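**Student:** Take a look at the letters that make up each chain.
Number of protein chains: 6
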Amino acid sequence: MGATDFSHLDKTGRARMVDVGAKPLQQRRAVAEGWLRCAPETINQLRARALPKGDVLAVAQIAGIQAAKRTAELIPLCHPLALDVVEVGFALESDRIGIRAVAAITARTGIEMEALTAVSVAALTLYDMCKAVDKGMVIEGIRLVEKTKV
Amino acid sequence: MGATDFSHLDKTGRARMVDVGAKPLQQRRAVAEGWLRCAPETINQLRARALPKGDVLAVAQIAGIQAAKRTAELIPLCHPLALDVVEVGFALESDRIGIRAVAAITARTGIEMEALTAVSVAALTLYDMCKAVDKGMVIEGIRLVEKTKV
Amino acid sequence: MGATDFSHLDKTGRARMVDVGAKPLQQRRAVAEGWLRCAPETINQLRARALPKGDVLAVAQIAGIQAAKRTAELIPLCHPLALDVVEVGFALESDRIGIRAVAAITARTGIEMEALTAVSVAALTLYDMCKAVDKGMVIEGIRLVEKTKV
Amino acid sequence: MGATDFSHLDKTGRARMVDVGAKPLQQRRAVAEGWLRCAPETINQLRARALPKGDVLAVAQIAGIQAAKRTAELIPLCHPLALDVVEVGFALESDRIGIRAVAAITARTGIEMEALTAVSVAALTLYDMCKAVDKGMVIEGIRLVEKTKV
Amino acid sequence: MGATDFSHLDKTGRARMVDVGAKPLQQRRAVAEGWLRCAPETINQLRARALPKGDVLAVAQIAGIQAAKRTAELIPLCHPLALDVVEVGFALESDRIGIRAVAAITARTGIEMEALTAVSVAALTLYDMCKAVDKGMVIEGIRLVEKTKV
Amino acid sequence: MGATDFSHLDKTGRARMVDVGAKPLQQRRAVAEGWLRCAPETINQLRARALPKGDVLAVAQIAGIQAAKRTAELIPLCHPLALDVVEVGFALESDRIGIRAVAAITARTGIEMEALTAVSVAALTLYDMCKAVDKGMVIEGIRLVEKTKV
Chain A
1 MGATDFSHLD
11 KTGRARMVDV
21 GAKPLQQRRA
31 VAEGWLRCAP
41 ETINQLRARA
51 LPKGDVLAVA
61 QIAGIQAAKR
71 TAELIPLCHP
81 LALDVVEVGF
91 ALESDRIGIR
101 AVAAITARTG
111 IEMEALTAVS
121 VAALTLYDMC
131 KAVDKGMVIE
141 GIRLVEKTKV
Chain B
1 MGATDFSHLD
11 KTGRARMVDV
21 GAKPLQQRRA
31 VAEGWLRCAP
41 ETINQLRARA
51 LPKGDVLAVA
61 QIAGIQAAKR
71 TAELIPLCHP
81 LALDVVEVGF
91 ALESDRIGIR
101 AVAAITARTG
111 IEMEALTAVS
121 VAALTLYDMC
131 KAVDKGMVIE
141 GIRLVEKTKV
Chain C
1 MGATDFSHLD
11 KTGRARMVDV
21 GAKPLQQRRA
31 VAEGWLRCAP
41 ETINQLRARA
51 LPKGDVLAVA
61 QIAGIQAAKR
71 TAELIPLCHP
81 LALDVVEVGF
91 ALESDRIGIR
101 AVAAITARTG
111 IEMEALTAVS
121 VAALTLYDMC
131 KAVDKGMVIE
141 GIRLVEKTKV
Chain D
1 MGATDFSHLD
11 KTGRARMVDV
21 GAKPLQQRRA
31 VAEGWLRCAP
41 ETINQLRARA
51 LPKGDVLAVA
61 QIAGIQAAKR
71 TAELIPLCHP
81 LALDVVEVGF
91 ALESDRIGIR
101 AVAAITARTG
111 IEMEALTAVS
121 VAALTLYDMC
131 KAVDKGMVIE
141 GIRLVEKTKV
Chain E
1 MGATDFSHLD
11 KTGRARMVDV
21 GAKPLQQRRA
31 VAEGWLRCAP
41 ETINQLRARA
51 LPKGDVLAVA
61 QIAGIQAAKR
71 TAELIPLCHP
81 LALDVVEVGF
91 ALESDRIGIR
101 AVAAITARTG
111 IEMEALTAVS
121 VAALTLYDMC
131 KAVDKGMVIE
141 GIRLVEKTKV
Chain F
1 MGATDFSHLD
11 KTGRARMVDV
21 GAKPLQQRRA
31 VAEGWLRCAP
41 ETINQLRARA
51 LPKGDVLAVA
61 QIAGIQAAKR
71 TAELIPLCHP
81 LALDVVEVGF
91 ALESDRIGIR
101 AVAAITARTG
111 IEMEALTAVS
121 VAALTLYDMC
131 KAVDKGMVIE
141 GIRLVEKTKV
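In the order they appear, the protein sequences are chains A, B, C, D, E and F.
The opening position of the first sequence corresponds to residue 1 in the working numbering, with each subsequent residue numbered one higher.
The opening position of the second sequence corresponds to residue 1 in the working numbering, with each subsequent residue numbered one higher.
The opening position of the third sequence corresponds to residue 1 in the working numbering, with each subsequent residue numbered one higher.
The opening position of the fourth sequence corresponds to residue 1 in the working numbering, with each subsequent residue numbered one higher.
The opening position of the fifth sequence corresponds to residue 1 in the working numbering, with each subsequent residue numbered one higher.
The opening position of the sixth sequence corresponds to residue 1 in the working numbering, with each subsequent residue numbered one higher.
The shape of chain A in the complex, shown without the other chains (with noise of 0.2 Å):
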């Protein structure tokens, strides 16, 4: 292509992804959370598995892993990762579900984004699954709790 000058639109502001091809290898491991609020009458029936959809954490909690899996798809400038695990936990409160996702790596870079990518689909199927009995839910409060390397 010889003098055709690529170089100068690196400088205009577009997207770059990080090169973490100098980082060393570490042990990462990141925590998320984030809410559902719904009406406390989904949360009695999502107690006494009523909803019509079925057994709603189960399936948010399967939704939520698959998604970390796949962040690198979703998100265009984080890196694919091979997760050494993923974990998706859930606290039922009188008004809100509570949804807490571990993600664990040996990596050059952080998983952050994983654990907020399966925190943020787990809640969207949380929503899915009520949303025939529950009109008014929000997703509120998705955010990092922990993150650490050794």
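Because the hints were derived from the structure by calculation, they are not lab data.
Just so you know, these numbers come straight off a predicted model, no measurement behind them.
Check each hint, because a few of them may be wrong.
[Claimed, not checked] Here are the simulated lysine-lysine pairs, DSSO-like style, with alpha carbons at most 30 Å apart:
hint, chain 1, residue 1, chain 2, residue 2
1, C, K23, C, K149
2, F, K147, F, K23
3, C, K135, E, K23
4, A, K135, B, K23
5, C, K23, B, K23
6, B, K135, A, K149
7, D, K23, D, K149
8, A, K147, A, K23
9, B, K149, A, K135
10, B, K23, D, K23
11, F, K149, F, K23
12, D, K23, B, K147
13, D, K149, F, K149
14, D, K23, D, K135
15, B, K23, B, K135
16, C, K147, C, K23
17, C, K147, B, K23
18, E, K147, F, K23
19, E, K149, C, K147
20, D, K23, B, K149
21, D, K135, F, K149
22, E, K149, E, K23
23, B, K23, C, K149
24, B, K23, A, K23
25, C, K23, E, K135
26, D, K149, B, K149
27, D, K135, F, K147
28, F, K135, D, K23
29, A, K149, A, K23
30, B, K149, B, K23
31, A, K147, B, K135
32, B, K147, A, K135
[To be verified] Selected chain A positions facing chain C (in silico; Cβ < 7 Å):
hint, residue
33, A58
34, V59
35, I62
By construction, the Cβ of each residue, glycine as well, lies at the ideal position given by its N, Cα and C atoms.
Dock chains B, C, D, E and F against chain A, hints included.
**Tutor:** Below, chains B, C, D, E and F without anything else, positioned relative to chain A:
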């Protein structure tokens, strides 16, 4: 399989996809929104296109559109749908970024999950693009704003 | 490309997708089934929900539903289809687990491959969930049970 | 979200998917073609099925068909479409391989991108299959040959 | 989230991915096999490359290889793995087609599910390619043949 | 499966993935480029950000990066790789758009296919974004520019 009884398991709360085969084709439209709360300095850098990963809103918009098209892969009991259109827009305020998605389709089932998924993945992408400079961001207020069918 | 002859290669046995453009839209339904043969002790642990990877049937059911939606990605000459519904159920016997899937659609082509894919991936998931305690499992008897169109 | 103004961002050149909801369902067909220029010796080895990775044309054909089905995942503003058929064929010349793809659908929007994607991914696959023996290949001349709707 | 107790839910039988972070990297290899039982006439047509969908074994082989690479997307608690190699081969007998897959990797966890997935999806693809001429096929005998690590 | 002979089929030219298990981990880098030839007026509208689908280069860049990460899904015999970085840049000339992609990794096998896939899908996306105003575009000159390992 003769007298094997599969049906009794269907009553134990396992997941059930809704059968939409008998529903009419209708024009459906859903609007969802959500927010990424962040530091005012992050908004400043975003406006100045000074963030290390580049043009944050352009990347988040594409990520949201792409995710909407893959909603049925992410959310286990969602139906695969051939969307007519998805739009993702943003609003910058002093300490948060608003995300709004509109999805429309001619189908047998609604598309609120597609709009909510677009908002969620756009929010996660904003988070990813800004996390090098802002460690305290929170995704919040993801909800359905409007849902119509004709 | 002028006189370049592409057509002669079509006669050498290469793969051909069936053109369904001229077929009518019909309501189609397919039922498939299969079995995972395992040790009686595995069935006991599964009933007691004592397996190390957790709620085996819930995970396998979701996996089967999700796989049915992705059949056209897995099987090269399958058409992409927007399923109306997929159901996956199980039957526990003394030394095997039955898997049954029902898929339905309004489309120009049949969906037996979607039902068979749901059964196969549910069986693989059961295998994965039980393999820590049972090294001799065999997946068998995967076949189409029923196929109708209206 | 009250008075928040999302609309002003829509005017700044951000990406917009075309809304096809008001367009009629029509039978649409597109033909695309392209070429992999390579050494004459590579063509000889391909004809003799002597290349180290095996039956080059069979693999490239499947790759092209599979990619056409995933066009909307690859190209951000493409609509998801349920193709009626995709065909991929090849023509061997002395120093290049011709690739032709035909895609057809009954839909609200055209499918030239599906045909072009099939050609592109088939060409990339040919490149991958031949690169151990030919370091100077070039993919060229990928274009739309024909586009019709009825 | 203060005193919210997520941990008690982990004891109720929900799904758990195994944490492989502390396991050593080892060279691992798995061999799986399975069968598609079909009419003798189907085998004859397959040998003659006279089936309507084309070169059955070539398509099934690619489908099996591609599926092995996507095992972690299909089976919820599988770890994403970067395979070193997957091979899929076939054996034609008078009334059935044998399918054998070998998968190898340097990783912290085994790859029997990748080999079994390759066999299963290759079998489904054979079924799809032959179903126009043979309505009574059965997939059977899918099992792990060998598993080694060094 | 006893004396069943699978091995003879391996000699008939079927597809073979290269086993990279014995290769050393090396830092690898590949640069690819290609062109979209278009009307001068299209370049003018692109510079003016006046095209109907919006910010063409931003969308094409993301599409190229995302496609590079999915190369092993698109090209059947490619190995799944966890890229360290992918960059995609553009150069506007009077009647064509240059596309350049750089991919880097620490792995057992090269990544020229990832760089070539990024260029190809970025070119297809440019085509899609411009096709409403330009019917005669051609994708050309996609080739490997540089390949190194350390």
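**Student:** Would you pick out the hints that fail for this structure and give their numbers low to high?
**Tutor:** 13, 14, 15, 19, 24
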